[in-house]
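In order, the protein sequences belong to chains A and B. Following this note's numbering, the numbering of the first sequence begins with 171 at its first residue and continues without gaps. Following this note's numbering, the numbering of the second sequence begins with 1053 at its first residue and continues without gaps.
None of these hints come from the bench; they were simulated from the model. Please read all numbers here as calculations on a predicted model, not as lab measurements. Glycine included, C-beta positions come from ideal geometry on N, C-alpha and C. Some hints here could point you the wrong way.
Partial selection, computed: residues in chain B whose CB lies under 10 Å from chain A [to be verified]:
1. P1059
2. A1062
3. R1066
4. K1069
5. A1074
6. V1078
7. D1141
8. K1148
9. P1154
10. K1158
11. N1191
12. L1254
13. P1256
14. T1308
What follows is a set of in silico ranges between Cβ atoms, one per label pair, in the way DEER data are often shown [unchecked claim]:
15. N1191/B / G185/A: 58 to 68 Å
16. G279/A / V1295/B: 29 to 39 Å
17. G185/A / G1145/B: 46 to 56 Å
18. V1079/B / N199/A: 45 to 55 Å
19. I1057/B / M288/A: 38 to 48 Å
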Amino acid sequence: MGNAVITRNLTKRFGSLVAVDHINLEIKNGEIFGLLGPNGAGKTTTIHMLATILKPSEGTAIVAGYDVRKNPREVRKKIGIVFQDMTIDRHLTGYENMWIHGRLYGLSGNELKERINMLLEYVGLSDWKDVEVRKYSGGMIRRLEIARSLLHRPEILFLDEPTLGLDPQTRVHVWEYITRIKKEEGMTILLTTHYMDEAEKLCDRIAIIDHGKIIALGTPEELKSMVGEDVIYIRVARGNGNVRSFIEMLHGVTKENAIKPLAPGYFSLTVKNAPEVIPKIFDMAREFNVKIMELRYSRATLDDVFLRLTGRRIRDETGSWADFIRMRRAIHMRRRR
Amino acid sequence: MKDFIDPFIAMWYRQVKRFLRAKPRVVATFMQPIFWLLFFGLGFAAAFRTGGAVGPFMGLDYLAFLLPGVALMTVFVSSFMSGISVIWDKEFGYLKVVLVAPSSRKASILGRSMGDATIALIQGLIILIIGYPLVPSMNMGNIHLFILVSLLVSISFASIGIIIATKMKTIEGFQLIVNLITTPLLFLSGIFYPIDVAPDWLKPVILANPLTYGVDAVRLLMVGKGTFAFTTDLICLAVLSVVFLLIAVYQFEKATID
């Protein structure tokens, strides 16, 4: 078990902006590795450098055994990539897009033909292969791009925000393909995402990246145990029983200062393990004759990990806004073309 | 060798396929030169005939003077537009797909320019044939040389388009830049009037324009009148097309997505 990707102080500057700041990573053969972070964290820039289409300002990376600076051509032969924005020629059919790609990678003849048909079948686009891509839905284009990236049997697959802008159902489909590719082909996959659920569901290991730096690295479970806390939200009926004493008692099951009032009669408390604590809360409520109207809890998420590390959330960063702009731009462009 | 042929064929195929798919574009590229021939050419030819003005046009009827140049204009506009359309690949991300492939970039860009040239050449030929009934005195026996000249012109301008596109950072002002470049090149090429009647201060620009030699050559070939010797035209064109092609290949070779 060697390493598929090793980065050494990989750095990219755009003018005075440091987009990627001395990143050192080791991605093992055969794992799905996730780069999780908000938009603008440097995820795409990192992928572009690993894929040899952007020159590092400093440091380097070894991809599939070759240095991206010294041997870009050898690296290119070993990798497949699905870019963040759609990179399919919309005026060609699905089959034609695949065919041109195959020729660019030195495939031809019957071998290429069979491989294309097999992959189109794999992503469920066989019936659409002779239709111009501009008539495809966003999800279909993504599936075609995934099929295209597999054409030359790469050793390492880069997926840059593979489900950005897709509807929930299509996202689940794309996730299925990714896990199948790993299982059936034993491919190493590096994916970037700013969706916590995606990272958690797919990745064997995750690096959390912010402002171009890796700020945490580990399996999803390891990362979440860094926070090690669940949050319980409770709403009680007002003017019923002794609420004050009830809250006083709650301090016994939580850490200091871990009870936060959110609204009159509504508060949250942070605990080590919610399922254990909740029965005790009900016991106390009965004791003080307090009526609980609502109780729910949430377990620590990767977003909480990010919050703990940076004081900000991944989600409501520029994220949604940038997505919005990007999607609007995509729609605008499609119309213009 | 296969390393070169494969990407060359892939990119050639892409250009030709895309063109055939875009029906409005096919129609538009034919309409423009036809408008020039019919609405401009017929009118001016009639006007000059009334005044008996054949002298300024090398002793040719104005339609005969105009037609070979308009056919070559089609080649020029088509190849330049295809070349500069690399900017759209940049904008839509397709360029990344080409850059991340292990295949020879030289071969990719050569395939692309030859694809552009193929389309441009066919368009020019079609205009020439459509115009033939208007100028039956044309020497169609020279059509193979017309093809050669068209090929050189389209390689030059597809390359110039690619050079500009790789330099441009955004598509802002795309249309403006296209007009800013094509309009002077068209009017200062001898398509519409003989270059020796142009004011002296314009002549250096005219002589620096690759299109001038192309127009001169095809006029000489098709209607028998020209300013320079055919070999002079051909040598100038060949040198210019090779130079521009090499610059385009070099630019593309070192392109990144910065």
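Inset, instruction - With a cut-off of 10 Å on the beta carbons, see whether A1074/B makes it to chain A. - result: This hint holds: A1074/B lies near chain A, its Cβ roughly 6 Å from the closest one there, short of 10 Å.
Legend entry - N199/A and V1079/B - C-beta distance against the hinted 45 to 55 Å: About 54 Å separates the Cβ atoms of V1079/B and N199/A, which means 45 to 55 Å holds.
Inset, instruction - For the hint on N1191/B, just tell me whether its beta-carbon gets within less than 10 Å of chain A. - result: violated, 38 Å
Inset, instruction - Under 10 Å, Cβ to Cβ, is where D1141/B needs to be relative to chain A, so tell me if that hint holds or is violated. - result: Nearest chain A Cβ about 9 Å off; hint holds.
Legend entry - Hint status (Cβ of P1059/B to nearest Cβ of chain A, threshold 10 Å): OK, holds: P1059/B within 10 Å of chain A, min 5 Å.
Inset, instruction - Please test the hint of 58 to 68 Å on the beta carbon pair from N1191/B and G185/A. - result: Given a distance of about 60 Å, which is inside 58 to 68 Å, the answer is holds.
Inset, instruction - For G279/A and V1295/B, compare the CB-CB distance with the range 29 to 39 Å and indicate the outcome. - result: Roughly 37 Å apart at Cβ, these two residues keep to the hinted range, so it holds.
Inset, instruction - Please verify that hint: K1148/B, Cβ, nearest Cβ of chain A, below 10 Å or not. - result: Holds. Min distance 6 Å.
Inset, instruction - With a cut-off of 10 Å on the beta carbons, see whether T1308/B makes it to chain A. - result: holds, 6 Å
Legend entry - Hint check: 10 Å Cβ-Cβ cutoff, L1254/B to chain A: violated, 37 Å
Legend entry - Cβ distance range 38 to 48 Å for I1057/B and M288/A, holds or violated: Violated: the Cβ-Cβ distance is about 25 Å, outside 38 to 48 Å.
Legend entry - K1158/B as chain A interface residue, shortest Cβ-Cβ below 10 Å: Since chain A brings no Cβ nearer than about 13 Å to K1158/B, farther than 10 Å, the hint is violated.
In the structure shown, a violation is registered for the earlier hints numbered 6, 10, 11, 12, 13, 17 and 19, in ascending order.
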